[in-house]
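Listed in order, the protein sequences are those of chains A and B. Under my numbering, residues 116 to 254 are what the first sequence spells out, in order. Under my numbering, residues 9 to 874 are what the second sequence spells out, in order.
Quick caveat, the hints were computed from the structure, so don't treat them as lab data. Here the structure is a predicted model, which means the values were calculated and not measured. Among the hints, erroneous ones may be present.
Computed footprint of chain B on chain A; a stretch qualifies when at least three of its residues, placed anywhere within it, have a C-beta under 8 Å from a C-beta of chain B [to be verified]:
no.: 1; stretch: 136-146
no.: 2; stretch: 160-172
no.: 3; stretch: 208-222
no.: 4; stretch: 229-237
Mimicking SDA-like on lysine to any residue, the simulated pairs with C-alpha atoms at most 25 Å apart in a straight line are [what the hints assert, rightly or not]:
no.: 5; chain 1: B; residue 1: K500; chain 2: A; residue 2: K142
no.: 6; chain 1: B; residue 1: K210; chain 2: A; residue 2: S152
no.: 7; chain 1: A; residue 1: K142; chain 2: B; residue 2: K233
Just so you know, even glycine gets a beta-carbon here, dropped at the ideal spot from N, CA and C.
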Amino acid sequence: MEVKNFNVLLVDDELEFLETLVKRLTKRGLNISTAKSGEDALKIIRGKGIDVAVLDVRMPGMDGIQTLREVKKIDPLMEVIMLTGHASVEVAIEGMELGAFDYLMKPADIDELFYKLQDAFKKKTIQQEKIEKLEEIIS
Amino acid sequence: MGTMINGFKKLFIKKPKLDAADVEELRIAFKDRYHSFKLLLNANNRALEIMADIERALQGRQPFGMSFVRSSCTAVSVNVFNMIKNIEKLAPGKYGKLNARFNNIQQNIDILLSQKKSMEDERLILPLNDVYKEMTDLVGSKMANLGEIKNRLQIKVPKGFVITAAAYEKFIMENDLQTEIDRRFQSADVDNMERLYTLSSKIQQLIITSRISDDLTDSIMQAWKHLESETGGRTTLALRSSALGEDTQESSFAGQYRSELNVSVESIFQAYKEVLASKYSLQAITYRLNRGFKDEDISMCVGCMAMVDAVAGGVMYSCNPVDMRDDSIFINAAWGLPKSVVDGSDACDLIVVSRKAPMKIIHEDIKAKERKFICFPEEGVYRMELTGKTRNLAAIDKKQAFDLAEIAVKIEEYYAAPQDIEWAVAQDGTIYILQCRPLQEMEMEKRDIPEPALQTDREVVITRGGITASPGAACGPVYLADKGVDMLRFPKGDILVTRQALPRWASLLNRSAAVVTEQGGFAGHLANVAREFGVPALFGVPGVMDRLSHGEMVTVDADSRAIYKGKIESLLIKSEKKKNLMQGSPVYENLKQVSSLIVPLNLLNPDSPDFNPANCKTFHDITRFIHEKSVQEMFNFGKEHNFSEKSSKQLYYNVPMQWWVLNLDDGFKEEVDGKYVKLENIVSIPMLAFWDGFTAIPWDGPPAIDGKGLISIMFQSTTNRALTPGIRSAYSDRNYFMISKNYCSLNSRLGYHFSILEALVSERAIENYISFQFKGGAADYHRRLKRVHFIGDILEKHGFRIEINEDNLIARVEGHEMDFMKNCLAILGYMTLHTRQLDMIMANNAALNHYRSKIDKDIQTILNSK
């Protein structure tokens, strides 16, 4: 299969929602990890390489925006897709300014989410290549 | 209350002279009545306002949903009911017949609002082999069309089955979803994109987390097994929405709902619920709203068809969608699944085939296709980047193009209407038809003006090229939309510029002046909806996102496929107005039906013997009747109790005036002894405002009349003493103000003119209103009519709503701030003095113009002095 396999972290406190997504995205060839909260998510991100995370904006404890802020501190290259059922322009813009890749309505169309994940991963790969080139030039 | 009044009556007959206690008691009774009267007027005012809202909605320029229809009906009937309650207080038992009329009208409205189609066929699943055109109500028009061409026309369509409308109804009912959905819609502000977003998300989640009953689960599994036995092996499915009311001639519903491709047996129930949930996707909600479809009328049927793992696919039109005279077949093709054509997410080939035998390819535009969609082995589809020479190759060959064109012609001939057809070529070369529906056609506006003579040195062309996805031209600031967040930020009237013509942008169409995209052809969903909404769309303009900058003012001419800097008027002239999408829609028709029980006014003449409760056919009739009677009842109270005679005071303004003032409540600064009340002692806001205008500019006497005018006035005076039909009480002979601090009603006769003014002015802007009626006159009918229009014109200019019936003028202003209302009253005061006997000169245009400019100047002086 030509589709590149990469690591995705789904973060949502709604378990039922998580389970279905894990099943369907795994069938589409992705490596999926899950976290039930922002705090959990950060632990996982510190532990292993995650390429793209999908964050629910509304979670008890650390919310999506806070988590996003922390994620970008740990791994600035990691891409994050925000998922939300509540539209608020302010929150959406804040998320984008903090470097979120995009913003999707929950429940997301499985295909749309899948393509967004691919696009986000592609962006990450290009960024990495750029940095490697820069490092080559510098050294 | 009634007996109390009768008590007073006796009191007065016995004792013509009132002592202080009697007057005080009487005043309390009056206050009580006056309060009812005020409530009644308030309700009357509200009811008329809502009727005006309904009439505005019926002009069809603004979208509205069933929640508007329902809440308007409820609000009108509550207010009419309040009026009935209050007239009952003013005149107990006298107008009891109104209740029966009210109930009858209300019942008829309820019947109209609760109409719903009933389901006769209760089968949950139907094999596609048993589906025909006439089953639309059970399987939705998309599947009915497909079944028809499969079974009656023997066109190759993948095997499959339909989960019916009955299954949908059952699912909704068993989970008790409709009530919850209606509740959420009622409380949502549908103009607010953020709220709509939340609403859409919540309802979709609600549906997805609901349970599918066991018998439906079993039926679906059984149908699946049967399908696998037919196809001989493991099969995956394409789940396609097929909503009732979708894909009719007038509406496309293009891409509003979800399709799920390559679904495995493990995911079918999830996928089914997701397709159902897509009935409430953001674009579907906004589409229904803009097109006036009723939420509860749309049942989601779902077609489940064996997945065709296509080598190539696309969409074809059996004639040119932007020029109906061109009957060539337009084929859009891409590598892999037709998804990229439908989505508008990538460039695709265009092959145009002339239909005259032998068919010929008359145009061929082979694009570099960046990617294709193909099936995962297990489930789902993925995008594959195309590399090497395949991307530049035509996705179909000539033979396939002719085969497709022949199918298009065959289906078009069968349905006797141009068709929009989705197709796929399987691995073995077989052509399958996946969908067909009537083509949304749009006539290219024929230019009356020659090609705009553009001065290239001044007007700069930014880009040329692209595809006319929807004709027309528009101008506006550029909005570069890329991310989901732009959905919420997009401002009304901007030009939507985006990379891909994705269906999700459809929810912004009713707010966009035009749409421009880098990728996508005219066969995609977004193009369909743009044509339907009459929004100019120019697709496939390479690199346009980089060539336009955010906020830049441009003119998009989709017809000549160019974008210009700035606003170019000559291009905009030809662009027709946006289509009126509400008219003819189910929601619109429903409002029209109920409005016929609410808005028309049949009781016109209060003097006629027909002016009675039994003839009230609409809510408007009831309000008109009650309003008329309530004013009389208020007068009668005073008359019967000698109240006005005792309590009304003659206005003293420098000298005693021929004006009387009846204080209803708190209209005087302090109690007044004696015959006169001085103007300084009056605190009625509306009366003072009127008086300001009345006394602002002195009257220099009646205009000189010509001989004819004089004869007419003498004739009228001898034949018609009461020029004021309607109210023949003693009060019509004098000029009476009835006032409280915030209220004033004035019946006045100046010369031969009769006017009724009624005004409520306070800090509560929404309750404020002025109604002014003007009638009569002594000149001949023609001149009276002319004068009424003369006055109407002036008042209209100053913000009044004008209604003219023969020589009767009604002018209204409502809901404005106090200062605005006071200005209006000053104008009425001025007009009351200065327009008397103007009808004498109505035949003389020069004199008329003179007076008109004097009046305009005077009013300006009055308003400026404030």
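Cross-check of the supplied hints:
| no. | hint | verdict |
| --- | --- | --- |
| 1 | 136-146 | holds (count 5) |
| 2 | 160-172 | violated (count 0) |
| 3 | 208-222 | holds (count 9) |
| 4 | 229-237 | holds (count 3) |
| 5 | K500(B) <-> K142(A) | 41 Å, violated |
| 6 | K210(B) <-> S152(A) | 21 Å, holds |
| 7 | K142(A) <-> K233(B) | 22 Å, holds |
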